[in-house]
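Asks: Here's the letter readout for the chains.
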Amino acid sequence: MSNITMRELKEDIRTGLKTKELVLSMGPQHPSTHGVLRLVLELDGETVVKCTPYVGYLHRGTEKLCEHRTYLNALPLSDRLDYIVSMANNVGYVLAVERLFGIEAPPRAKYIRTIVSEMARLSGHLLWIATHALDIGAMTVFLYSFREREWLLDLFEHLCGARLTTSYPRIGGVRNDVTEEFLDSLYEFTEEFPRRIEEYETLIDQNRIWLQRTKGIGVISAEEAINWGLTGPVLRGSGVPYDVRKFAPYDAYPWVDFEVPVGKNGDVYDRYKVRMQEMRQSNRIIKQCIERMPKGPVMAPDAPKFTLPPKEKVMSEMESLIHQFVLITKGPIAAPEGEIYSAIEAPKGELGFYIVSDGTGRPYRLRLRSPSFVHASVLPRLCEGHLVADVIANIGTIDIVLGECDR
Amino acid sequence: MRLKELIQKVLFIEILKGMALTLSRLFTRPVTRQYPEEKKQALPGFRGLHALARRPDGTARCVGCGLCAAICPSECIHVYTTEGPDHQKIVERYEIEVLRCVYCALCVEACPFQAIALTEHYEYANYSRDDFYMTKEKLLENWDKYMAGKKGEEYFKRFWHPLENDFREYEGQPIFDPERYKRRKGKIRDIRGEWLIYNGNGRRQ
Ligand code: SF4
Ligand code: SF4
Chain A
1 MSNITMRELK EDIRTGLKTK ELVLSMGPQH PSTHGVLRLV LELDGETVVK
51 CTPYVGYLHR GTEKLCEHRT YLNALPLSDR LDYIVSMANN VGYVLAVERL
101 FGIEAPPRAK YIRTIVSEMA RLSGHLLWIA THALDIGAMT VFLYSFRERE
151 WLLDLFEHLC GARLTTSYPR IGGVRNDVTE EFLDSLYEFT EEFPRRIEEY
201 ETLIDQNRIW LQRTKGIGVI SAEEAINWGL TGPVLRGSGV PYDVRKFAPY
251 DAYPWVDFEV PVGKNGDVYD RYKVRMQEMR QSNRIIKQCI ERMPKGPVMA
301 PDAPKFTLPP KEKVMSEMES LIHQFVLITK GPIAAPEGEI YSAIEAPKGE
351 LGFYIVSDGT GRPYRLRLRS PSFVHASVLP RLCEGHLVAD VIANIGTIDI
401 VLGECDR
Chain B
1001 MRLKELIQKV LFIEILKGMA LTLSRLFTRP VTRQYPEEKK QALPGFRGLH
1051 ALARRPDGTA RCVGCGLCAA ICPSECIHVY TTEGPDHQKI VERYEIEVLR
1101 CVYCALCVEA CPFQAIALTE HYEYANYSRD DFYMTKEKLL ENWDKYMAGK
1151 KGEEYFKRFW HPLENDFREY EGQPIFDPER YKRRKGKIRD IRGEWLIYNG
1201 NGRRQ
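Chains as they are written, first to last, in the working numbering: chain A, 1 to 407; chain B, 1001 to 1205.
Chain B extracted, bound-state conformation:
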């Protein structure tokens, strides 16, 4: 035992082993990404910049109930409503101070009308603070830019506490299936086109 230790000490065995490992890594694909050139696509359901949902006829789905403002932990949503000609509630101003937001998405969870969403857009650096004060118009534009069409519908159905989470419909629920796993092993990242999951060996493609 002592002899072995001595040999290890003299020959720098452990250091050589470490060197061999680092050297072997020279021949694998890099895991880093050249960020500004090579952008990372956020996964669906990402909690990024806000957007106000539109109805099919183009108007905002928000009715001004104020639940999102009530639950917001950083109190950065401001909803101002007035009374319309037929005593209906009109959302006069709907504003979010994006710089104070913590992206917890509780507003999305609270809204009973699926009127507010968090988009996959995460690069919002800008030159002035005013650009981060989102008015209703800007928020509706965000919807057109990032969530238009089927994507928006999918978003609410999939991520926000849908019915099958609580009751019934356990049939289609995913559980671990060794057979399926064997088939998919190593190619999980290209299962569903846009649903890319990093597999830890190379870059996300």
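If we strip away everything but chain A, and leave its shape as in the complex, we get:
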């Protein structure tokens, strides 16, 4: 802040008032920074001259913790990356480990995993529209989208016993099968949901305050977005149709049709539009997956060295009991040596896991490429030269979650 001495003050009065830049620390306890992000803003009046993000307040050492855990044991850590959409992180993690081990989940498990990751995308985007609109001043959307999110969370609870920290997929499949109620209730959701999206759009899509706060704010061109390493809806808002689900399909994505919505101008409004369209596409994916889901196993049946044997076998067969003991105490010791990078399209962008294995039951090194971290780095580019009020819109539009950013 300005420490003006008496002499300076006198000097000022003599020569006319001198203006100084004001340093404002926004966060880490600011409600619209969506967690513990701290931005140090240098202001000239209401204009941001310089913006410096500080991250790391939620650092828990996830990458290091993984090195001391067996592959199965590290799964709950992935829940806590982007805690709003933990299903998607779980899927990303198990997929990376499966690719490392060279095993594949059976088709039914793939469909289930696709369904749950799209449900996670919906619940993530619902929370995003809720908080983003709330930050900009539209309160009703917040209440409406939580209504739908509750339905999804209830389904998660029914499926795996937890609403947020799900830990549901397993290396080689998923933990337990879905039920009839789950399928029917989710199908009902997919029939109902497009109408609900229209409700949100009725409230804000054409609203003049919303348009003024979002159009032409935080513009980033396609070229620049690529250079900054942006992914996900933030990149697609600038018109680049990059989506991991299309470029390196995983799970059941190659078997369903969907489109990748893109924006044009790369401003806050376009990114909002992209996410709304994405919710419609997710809805379509879920519907197709439910309709096409085949019968079959939900755990890879031919990988006893990597997946826990079923409970009944453990209780009756010596061999399975031994597998159970070894897998839990030492981890999958048949893990091949090598390294792998595997990415999924998480709701926020490309979530990558780079695993180096030295052939023991634990990863030698696990590196996370989290979209939120990359997106937080673009904040100065978006905010500098704009008004303080737009900082809020910009934080909302890049949709960061600090759990994932700080890891």
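In short, the hints are calculated from the structure, not lab data. As the structure is a computational prediction, the values presented were derived from the model and not from experiment. Be a bit skeptical, because a hint or two may be false.
As the list claims (entries may be wrong) - Restraint ranges, calculated between C-beta atoms of paired labels, are given here:
hint, chain 1, residue 1, chain 2, residue 2, range
1, B, Gly1084, A, Asp302, 39 to 45 Å
2, B, Glu1083, A, Arg367, 43 to 49 Å
3, B, Ser1024, A, Met315, 53 to 59 Å
Unchecked claim - Below are the DSSO-like pairs computed for lysine-lysine, each with C-alpha atoms no more than 27 Å apart in a straight line:
hint, chain 1, residue 1, chain 2, residue 2
4, A, Lys295, A, Lys246
5, B, Lys1089, A, Lys313
6, B, Lys1039, B, Lys1151
7, A, Lys287, B, Lys1182
8, B, Lys1151, B, Lys1136
9, B, Lys1039, B, Lys1150
10, B, Lys1040, B, Lys1150
11, A, Lys50, A, Lys20
12, B, Lys1157, A, Lys305
13, B, Lys1185, B, Lys1039
14, A, Lys313, A, Lys295
15, B, Lys1182, A, Lys295
16, B, Lys1151, A, Lys313
17, A, Lys264, B, Lys1004
18, B, Lys1138, B, Lys1089
19, A, Lys295, B, Lys1185
20, B, Lys1138, B, Lys1150
21, B, Lys1157, A, Lys313
22, A, Lys246, A, Lys287
23, B, Lys1157, B, Lys1136
24, B, Lys1004, A, Lys215
25, A, Lys330, B, Lys1089
26, B, Lys1009, A, Lys215
27, B, Lys1145, B, Lys1157
28, B, Lys1009, A, Lys264
29, A, Lys287, B, Lys1185
30, A, Lys295, B, Lys1157
31, A, Lys20, A, Lys10
32, A, Lys215, B, Lys1017
33, A, Lys313, B, Lys1150
To be verified - Quick look at which bits of chain B chain A covers, simulated, 3 or more residues with Cβ under 8 Å:
hint, stretch
34, 1018–1025
35, 1113–1121
36, 1173–1180
Every residue, glycine too, gets a C-beta built ideally from N, C-alpha and C.
Go by the hints and put chain B with the ligands onto chain A.
Replies: Frame of chain A, contents of chain B with the ligands only:
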């Protein structure tokens, strides 16, 4: 086109539409719940407070193998065993620091004897930290309180990686059936008595 836009601007059409929507919501049933008075029943398979399973004769099913302690990601299970008179293993102490638990349920998945369970109890606020240090006795009590009888048996069969998930028995597996869906649409929440699923329009009943 320009004229239409102008009319929209002057007459606040989009704002009126939004108002109409919010007003119409005044006449629907509320979706919120008055929490402490109106409790939410957790669905079966919920991962809440721990319990140690009992055998039909009342003793604990746990044999003290320590697998749950080995897999626990937050390392909050402590198992202490000693040797009995006939060289059998006796579980002397079995303790869980509930405050450190992350409710991942890997302990349930790891246990080869179906001896530990997570119950549907989720309200465990208390006045002292010691109340969250669960000893074996407390855990067995939890079983009696929340999981006694058939419920406990069902729990393991249904949720914890049962055999039909891996092999055979695909006959009864649920798949989507449009006919069934048509019949059940809108009343999925009362299909099976206790299996309540919120249908997004009103309160869970
Ligand atoms: S639920 Fe998870 S964290 Fe809690 S005691 Fe069991 S294994 Fe440990
Ligand atoms: S609860 Fe199960 S896994 Fe844990 S010590 Fe007892 S028998 Fe072993």
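Asks: For every hint, state whether the structure bears it out.
Replies: Each hint tested on the structure:
Between B/Gly1084 and A/Asp302 the Cβ separation comes to about 41 Å, which falls inside the hinted range of 39 to 45 Å. The hint said 43 to 49 Å for the Cβ distance between B/Glu1083 and A/Arg367, and at roughly 46 Å that hint holds. In this structure, B/Ser1024 and A/Met315 meet the distance hint of 53 to 59 Å, their C-beta atoms being roughly 56 Å apart. Between the alpha carbons of A/Lys295 and A/Lys246 the distance comes to roughly 26 Å, so the proposed pair stays at or under 27 Å and holds.
Proximity of B/Lys1089 to A/Lys313 is assessed by CA-CA distance (about 23 Å); at most 27 Å being required, the pair is judged to hold. Our distance criterion of 27 Å between C-alpha atoms is met by B/Lys1039 and B/Lys1151, whose separation comes to about 20 Å. Taking the CA atoms of A/Lys287 and B/Lys1182, the gap is about 15 Å. The hint holds against a cut of 27 Å. Restraint check: the Cα-Cα separation between B/Lys1151 and B/Lys1136 comes to about 20 Å, which is no more than 27 Å; the hinted pair holds.
Taking the CA atoms of B/Lys1039 and B/Lys1150, the gap is near 24 Å; set against the 27 Å cutoff, the hint holds. Restraint check for B/Lys1040 and B/Lys1150: satisfied, since their Cα atoms lie roughly 22 Å apart, inside the 27 Å limit. Proposed proximity of A/Lys50 and A/Lys20 is supported: the alpha carbons are some 13 Å apart, at most 27 Å. Simply put, B/Lys1157 and A/Lys305 have alpha-carbon atoms about 23 Å apart, close enough for the 27 Å limit, and the pair holds.
Taking the CA atoms of B/Lys1185 and B/Lys1039, the gap is near 26 Å; set against the 27 Å cutoff, the hint holds. For the hint pairing A/Lys313 with A/Lys295, the CA-to-CA distance comes to about 21 Å; that is within 27 Å, so the pair holds. Distance restraint check for B/Lys1182 and A/Lys295: the Cα-Cα separation of roughly 21 Å lies within the 27 Å cut-off, and the hinted pair is therefore satisfied. Taking the CA atoms of B/Lys1151 and A/Lys313, the gap is near 22 Å; set against the 27 Å cutoff, the hint holds.
Between A/Lys264 and B/Lys1004 the CA atoms are separated by roughly 24 Å; this keeps the pair inside 27 Å, and the hint holds. Distance check on the hinted pair: B/Lys1138 and B/Lys1089 sit about 21 Å apart at the alpha-carbon level, within 27 Å; holds. For a cut-off of 27 Å, the pair hint linking A/Lys295 to B/Lys1185 stands: about 22 Å separates their Cα positions. A C-alpha spacing of about 21 Å is found between B/Lys1138 and B/Lys1150, which places the hinted pair at or below 27 Å, so the restraint holds.
A distance of roughly 13 Å separates the Cα atoms of B/Lys1157 and A/Lys313; the hinted pair therefore holds under the 27 Å criterion. For a cut-off of 27 Å, the pair hint linking A/Lys246 to A/Lys287 stands: about 18 Å separates their Cα positions. The hinted pair formed by B/Lys1157 and B/Lys1136 meets the criterion: a straight-line CA distance of about 24 Å does not exceed 27 Å. The hinted pair formed by B/Lys1004 and A/Lys215 meets the criterion: a straight-line CA distance of about 20 Å does not exceed 27 Å.
Between A/Lys330 and B/Lys1089 the alpha-carbon distance is near 22 Å, which keeps this suggested pair within the 27 Å criterion. Taken as a hint, the B/Lys1009 and A/Lys215 pair is honoured in the structure, with Cα atoms around 17 Å apart against an allowance of 27 Å. At most 27 Å may separate the alpha-carbon atoms for a hinted pair to count; B/Lys1145 and B/Lys1157 meet this at roughly 20 Å. Proposed proximity of B/Lys1009 and A/Lys264 is supported: the alpha carbons are some 24 Å apart, at most 27 Å.
A distance of roughly 15 Å separates the Cα atoms of A/Lys287 and B/Lys1185; the hinted pair therefore holds under the 27 Å criterion. Annotation: proposed proximity of A/Lys295 to B/Lys1157 holds, straight-line Cα distance about 19 Å (limit 27 Å). With a C-alpha separation of about 16 Å, the suggested pairing of A/Lys20 with A/Lys10 holds against the 27 Å cut-off. At roughly 21 Å between alpha-carbon atoms, A/Lys215 and B/Lys1017 fall within 27 Å of each other, so this suggested pair holds.
Taking the CA atoms of A/Lys313 and B/Lys1150, the gap is near 22 Å; set against the 27 Å cutoff, the hint holds. With a threshold of 8 Å between beta carbons, the proposed coverage of the stretch 1018–1025 of chain B by chain A holds, since 3 of its residues qualify and at least three are required. Figure legend: the stretch 1113–1121 of chain B, annotated as covered by chain A; annotation consistent (3 residues with Cβ-Cβ distances under 8 Å, at least 3 required). Proximity of the stretch 1173–1180 of chain B to chain A, defined as three or more residues with a beta carbon under 8 Å from a beta carbon of that chain, is established by the 5 residues found.
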